[in-house]
Amino acid sequence: MNQRPAIDLADLPTFGHGPRSPTWWGTLGFMALEGMGFALAAGAYLYLATLWPNWRLSAPAPNHWPGTIVTLLLVVSLVPNHMLNRYAKQCAMGPVRIGMVVMSLLGLAPLIVRWFEFPALNIYWDTNAYGSMIWVLLGLHTTHLITDVGDTIVLTVLMFTRHGYSGRRFGDVGDNVFYWDFVVLTWIPIYLLIYWVPRLG
Amino acid sequence: MKRLASIAFATAMALFLQGCAGWQSALDPKGPAASELAWLIWFFTGLCAVVWVLVMAALAVPLMMRSRQHAEPLTLDASSDNRKLRVVMTAVGLTAVILVGLTLLSFFANRTLAAIGSDAALTIRVTGHQWWWEVRYEDATPSRILTTANEIHIPAGEPVRLLLTSTDVIHSFWVPSLSGKLDLIPGRMNVLDIKADKPGVYRGQCAEFCGAQHANMGTFIIAEPRAKFDAWWNDQLQPAAAPTSDEAKAGGELFLKRPCVMCHKIGGTPAGGTVAPDLTHIASRQTLAAGTLTMSRGNLAAWIADPQGVKPGAHMPVVDLSGDELNAIVAYLEALK
Amino acid sequence: MSSADLTSERDLPPEREASARGDIAPERDGPRDTGMDDASLHRWLARTWRTPPGIIGALSSVDHKVIARRYLITAFLFLCLGGLNAVAMRIQLSGPQRGLIGPDLYNQLFTMHGVTMMFLFAVPIVQATGIYLVPLMVGTRNIAFPRLNAFGYWVYVSGGLFAWVSFALSMAPDVGWFAYVPLSGPEFGPGKRADVWAQMITYTEVSSLAVAVATIVTVLKQRAPGMSLDKIPLYVWALLVTSFVVVFAMPAVMITSTFLILDRLVGTHIFNPAEGGDALLFQHLFWFFGHPEVYIIFLPATGMVSSIIPAFARRPAFGHLGLVLSLIAVGFLSFGLWVHHMFATGLPKLGASFFTASSMLIAIPNGVQIFCWLATLWDGRPVIRTPLLFVFGFFFTFVIGGLTGVMLASVPLDLQVHDTYFVVAHFHYVLIGGSVFPLLGAAYFWFPKITGRMMSERLGRWHFWLALVGFNAAFFPMHIVGLWGMPRRVYTYPAELGWENINLFISAGAVLFFLSFVLFAFNLVHGALRGTPAGDNPWDAGTLEWATSSPPPSYNFARIPVVTNVEPLWAERVALPVASGLRVDARELIISTVAEAHPDIREKSATPSIWPLLAAIAVGATFLYSIFTPWAIVWGAAPIAVTLVGWFWPKGDPEDEE
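Protein chains in written order, with my numbering: chain A, 572 to 772; chain B, -11 to 325; chain C, 44 to 701.
So that you can see chain A by itself, here it is in the shape it has in the complex (with noise of 0.2 angstroms):
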């Protein structure tokens, strides 16, 4: 059909942060999709607690030192995580390798020590559904773990290349630091879960 000019778009920019930027909301939608896979396993958790009396069905309590552990580093790995998310608003280069590096180790550090939380759990997935409902929870945010540890290592040797020199590389970052609050966030109840609500009983 006929057209008339109405509009000139050519001054706009070519990329954004945050909530501009259509990455942002995508990743928006997938932490509230796996939002609700923590929600709704956290719920058959607390399901199954309130069905049996008796709950942890009378396995011994979990060792909460290295979730303990895990916890700490996660709440602190925040401050330098939003140190970089300045950084990468400026698109300052320099700050934004170091900080990248430093969120690829503290990634890693949490990693290990949940190595040892499984074994400090004191039990196994399969004794009873007490130990499955654990092993679920932590299993499913150590994979949420290990796949943003990834992510964010292979972010942070794509801004060593010349791949980085771009506004959209920032925007990644930033989305990256975006996605760390979420599995530091979503990690709070799961600790709270697994170590403490048994206790309140």
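Worth flagging that the hints you see were computed from the coordinates, not collected in a lab.
Don't take each hint at face value.
[What the hints assert, rightly or not] List of simulated lysine to any residue pairs, SDA-like, C-alpha gap at most 20 angstroms:
#1 K392(C) - S106(B)
#2 K647(C) - D72(C)
#3 K72(B) - V367(C)
#4 K325(B) - I133(B)
#5 K392(C) - V179(B)
#6 K72(B) - L42(B)
#7 K72(B) - I407(C)
#8 K245(B) - S233(B)
#9 K647(C) - H734(A)
#10 K660(A) - E70(C)
#11 K186(B) - P213(B)
#12 K235(C) - P673(C)
#13 K237(B) - L309(B)
#14 K253(B) - R113(B)
#15 K647(C) - R739(A)
#16 K392(C) - T100(B)
For clarity, every value in this text was computed on a predicted model and none was experimentally measured.
Given the coordinates of chain A, work out where chains B and C should sit on it, guided by the hints.
Below, chains B and C without anything else, positioned relative to chain A:
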């Protein structure tokens, strides 16, 4: 003579069954719960039919119109749209009123149903198995506790409490002419109260898909006058009748030597298996294999000789028997009245 | 309208500084479309946006229309397979005690029928329609995350093949499409059949989620300048709400199937009551997905109805705002009804009554939609063409399904009809009446856009009447036989129950209904090859997909339209206002603000890539292998990681670099 009797019985059963098309129907209620539900079904259906006709009439309106649309789709008649808004709002309001009414109606119907079994004196535990029903009559006196299968005798006119559970997968107990259905779930116990107004045989079947033979998991509620019911219970408490003929005696011995004894119980004999139906009084039951076959000598033989042909996937294994052995076992079982 | 009204005025000092520092490579500029003559513009854009030639090129395509066409054809093939399942079952049930099909095969047949229709036909086809139409309707050049979208297709088609190859090997699930435990659990579901169900569900839902996220972002961020929230077409609203429902519902089924595979594969006890688990937990989790699933299938169909009615009633939809709010309300309420699938499990009475009320409540927004559509039609005699006929068929059948749904919402009444043929009738009236009839209407309506040719109107009318009569003959008597006591999922029934005549009638209706699809398939092929050329806008409809040629070029719009009305083509009869200033040598499209759709960024859309296919192969192989050993997850991690890095690693194209 015996053969003649069993043929007569089978024929009678067949005629009886023919005459009773609809004996598993929610629309042919034979008890207070099913009557309440049938009324509810008809009321909802009637109301829904009226609503549907009204909607279809509203849809027919534009088809009756002579006038074509205005050529320019964006020029709308504001006053006509206002009229439509009023109509739409009214329709939405009416919908809401109807829905509130139906919600209240079903709430009160639920209360009526809950009250039916409040004074049940008889408690029967029904356990679902792939693919048959274990029926246990509870009693304060342990010696009066009775276990049978697939057919549930109840006193007519009295509420009866059924405790429903399962040892394997989920089943659902449903005798539509008496009551709605309720699931039998492993690890849980459900309570269903039923009452038959008059004596009669009411068929039901498993209503939750439970595997290969879900289709052949029938059950019968046999409502009888109280005296007849009591007599039945007393009969069933007796140990199995001792075989009289030589053939039946041989069959009884064979039964104990063959794998049959691993799964089935026959009271008064060493056969004490519990994973399959209790056969102490099997010949007193009207059907075989949970409503799959009518009880007859021929069907007993067919079922034992080829269970996987009659009910593919059933847990009853094929037992290698010669023709004589088969006849002997059938003779033994068919005497277990 | 001046450009200042629409362009974002936010300045970007940090980026400018970064450019000056050298932290961002300076933007390489290319030729723009401003003032370019039409012929050169088409030449440039066709070269920039084309799908590369050859097999590798075809497998690398990221064009939403190419992907959607593949989705549509694949979903139609699965519909035919699922329909053949149904016909086989109806032949077996046409008489009592028929020995044609034994229980082992029959149980696989109805499971495959359900799984295929729900997961491989209904959800994919409504999403595929959205993949095709949403970018066109919002006036953009490709869907958001086009590679993710391509990945979604490969996952879907391989998941479907996985299920059907299993069926060919007699390894198909035989536990029903909702696969209740313990029947599907480790103790009572021997072999690999239930594993196939669990892994196939988890795997194919990845595709559904990917499409949902892509659709949401396309609608929120890629709308044409000026398409503020109040000017979004109703179909796009429907897809947006549906995608949100997918995002919050599909994780539930993935969690359910994952728990099941864990119980089966590594010995967890989540659903095992003997070790502290619970069988009903499975049902709660499954139906938390399962009920919204119905609306995932139904809501896009309402969007189709909302597109077809205005085009033939020759006016915008009556009560646009009411329709949008109803969609949103239905989306929310769909999460509050799941327990009405579980009334027969013996839940506490008061809790069950609450779900009666909530199930009744959802009838109100659905009623609002029905009344608004009827009011739209009341402006005069509508133009009666095949798409509108199918919308009438939708009213005729869906209203019955909705009303029997009200019956099922009542706890006591449900206890009589639950798990009987009454329920089978109900949900076929809802799903076929509520979704397939609008889909068939939509097929006639948008076929000219997709192929450039019209389908035969005469065959269309035959098709409509055959489908309507066949459908009702097949499914209406099921209500009755259900009330007569016939449970669903039985491979046979005794002769003495008096169900044989009605079942024979049902089977005849089913065959008739199947034949209507044969006629439809013929009409599709005939239309594609011999149909009369359609032109850009054969129905004189008002939304943006009709502003471009039929079929649309790879870049959808030579110039991005500027939207001034909810029916932009009706408002701008003389000339469509368009935007300029985009590069023609790179895949630029406009990112706009969420609420007002102010143009904000000229972003590059992804180029074709083979990596999504490779990633889908890696993920699919891992899932397939995982039904045999849990170590598959460990072995599969490496190829998955490699393919994902390959996918996201920049290749040095202009699209990647800026």
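Hint check results:
1. K392(C) - S106(B): holds (15 angstroms)
2. K647(C) - D72(C): holds (13 angstroms)
3. K72(B) - V367(C): Holds, at roughly 18 angstroms.
4. K325(B) - I133(B): holds (18 angstroms)
5. K392(C) - V179(B): holds (12 angstroms)
6. K72(B) - L42(B): Holds. K72(B) to L42(B) sits at ~16 angstroms (cutoff 20 angstroms).
7. K72(B) - I407(C): Cα-Cα ~18 angstroms, so holds.
8. K245(B) - S233(B): holds (19 angstroms)
9. K647(C) - H734(A): At roughly 15 angstroms apart (the allowed maximum being 20 angstroms), H734(A) and K647(C) satisfy the hint.
10. K660(A) - E70(C): Roughly 18 angstroms between the alpha carbons, so the hint for K660(A) and E70(C) holds.
11. K186(B) - P213(B): holds (8 angstroms)
12. K235(C) - P673(C): Status holds; Cα separation ~14 angstroms.
13. K237(B) - L309(B): holds (16 angstroms)
14. K253(B) - R113(B): holds (18 angstroms)
15. K647(C) - R739(A): holds (10 angstroms)
16. K392(C) - T100(B): Answer holds: K392(C) to T100(B) is near 12 angstroms, not above 20 angstroms.
In summary, this structure violates none of the numbered hints.
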